[in-house]
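Enquirer: Since each chain comes alone in its own frame, lean on the hints to assemble the complex.
The listed protein sequences correspond, in order, to chains A and B.
For the first sequence, my numbering gives the first residue as 1, with consecutive numbering after it.
For the second sequence, my numbering gives the first residue as 114, with consecutive numbering after it.
Please note: incorrect hints may appear among the correct ones.
Claimed, not checked - Pulled a few chain B residues facing chain A out of the computed Cβ check, cut under 8 angstroms:
id, residue
1, R155
2, G156
3, S159
4, I162
5, D180
6, A199
7, I202
8, G207
9, M211
10, F213
11, G216
Said to hold, decoys possible - Computed spacing ranges between beta-carbons, pair by pair:
id, chain 1, residue 1, chain 2, residue 2, range
12, A, D18, B, T153, 27 to 35 angstroms
13, B, Q185, A, K14, 25 to 33 angstroms
14, B, G173, A, R15, 26 to 34 angstroms
15, B, S196, A, E101, 31 to 39 angstroms
16, B, T169, A, A13, 39 to 47 angstroms
17, B, T153, A, T76, 39 to 47 angstroms
18, B, L195, A, A20, 32 to 40 angstroms
19, A, R64, B, D152, 29 to 37 angstroms
20, A, V74, B, D180, 37 to 45 angstroms
21, B, K222, A, R72, 17 to 25 angstroms
22, B, D152, A, T111, 16 to 24 angstroms
Said to hold, decoys possible - A short list of chain B residues far from chain A (calculated; beta carbon distances all over 12 angstroms):
id, residue
23, Q119
24, E128
25, T169
26, S200
27, D210
It is worth saying that the hints were derived from the structure and are not from the lab.
None of these values were measured; they are calculated from a predicted model.
Backbone N, C-alpha and C fix where the C-beta goes; we use that ideal spot for every residue, glycine too.
The chain contents come next:
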Amino acid sequence: GAGVSQSPRYKVAKRGRDVALRCDSISGHVTLYWYRQTLGQGSEVLTYSQSDAQRDKSGRPSGRFSAERPERSVSTLKIQRTEQGDSAVYLCASSPYGNTEAFFGQGTRLTVV
Amino acid sequence: KNQVEQSPQSLIILEGKNCTLQCNYTVSPFSNLRWYKQDTGRGPVSLTIMTFSENTKSNGRYTATLDADTKQSSLHITASQLSDSASYICVVRGFVDMRFGAGTRLTVKP
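If we strip away everything but chain B, and leave its shape as in the complex, we get (with noise of 0.2 angstroms):
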């Protein structure tokens, strides 16, 4: 069982909607997670990242939360976007290891 879930495995949203990626993991111990965004080709690039001891980040139109309690992180678009489609991975690090999510892939309609 991968020790980092996301859901929904694929969203569909009309341009301008708001929508929630949820993340829940199972790594142990914690050391911070990042949500990062990847463009069709592209490589991964890096969000945002949450320690222990933050519960929200934002970063202009993404916002990211994190119980650390129940091992749970979200990571929320407002006011979405076409060029938001893309795939969203969240990654998990403890000591020294990194657990990646299989993703939720998002397309934005106009």
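Looking at chain A on its own, in the form it has when it is part of the complex (with noise of 0.2 angstroms):
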């Protein structure tokens, strides 16, 4: 069955540069959070939608992060001007309506040199 599926697996980026990583979550999913792990600083939310597709409701840092939900069960995380402090793995989750369990993706590593 399909799970959460994020791409790519790992990234590379210039220092100001803006990028984009995409995230599949299970269709049916109303609720998508991303969210991101850097060592030392753990686990924080970047943003989560509900049903409405191009609501966002930005977590921290704001301003340059944003996420776009084109379909559904498609959304696009995207980093502007980014900082070598971005350097972190993404993770991309899902949840029903209704339900409380969050289904995560594999992750995508950013390295920004």
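Expert: Structure, rendered in structure tokens:
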């Protein structure tokens, strides 16, 4: 069965460039989260969106991070003007409406050089 | 300050030993708390879910506890195995949003 899939698995970006990370969530899931894991700082939620495909509730840090959801089961996390501190693993998770378990993708490891 | 704090940050134990991981949270309102296991290079996978009325729940060698009054949860691993080496993440859900702990990195050595 199809789970949550993220692409690419690895991404290297030059500092200052924009990057886009893709998440294919599970069909029928309503809520979608993006969060990142960094060594020493743990995990933080970046954005989450609900059934409204175009609504993006940005978490921290705001401004350079945004998520688009052109289709219900597809989300793209865009990071503008990448900084070295953005180097992290970016995880996508989705959950069905009315259910509470979130299902996670395998993550994209972003390295900003 | 993170609304979900986990301790210890990392832990090394010998195979066969028990260990306990802690999660303290300030998320309010509270809906539920999940412990996830994340193997290296993989996404987190749910181990247990605790709701407000539940105090203890077991899943094989994993036992989670929840004290909703003090807003504390623990994950106890019994008779650890090498395959238990992973990061364990506490995720607390409010009405809509989720808050993640930084995780505890567990290493089980032979």
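Enquirer: Which constraints among the numbered hints does this structure fail? Numbers only, ascending.
Expert: 5, 6, 8, 13, 14, 15, 17, 21, 23, 26, 27
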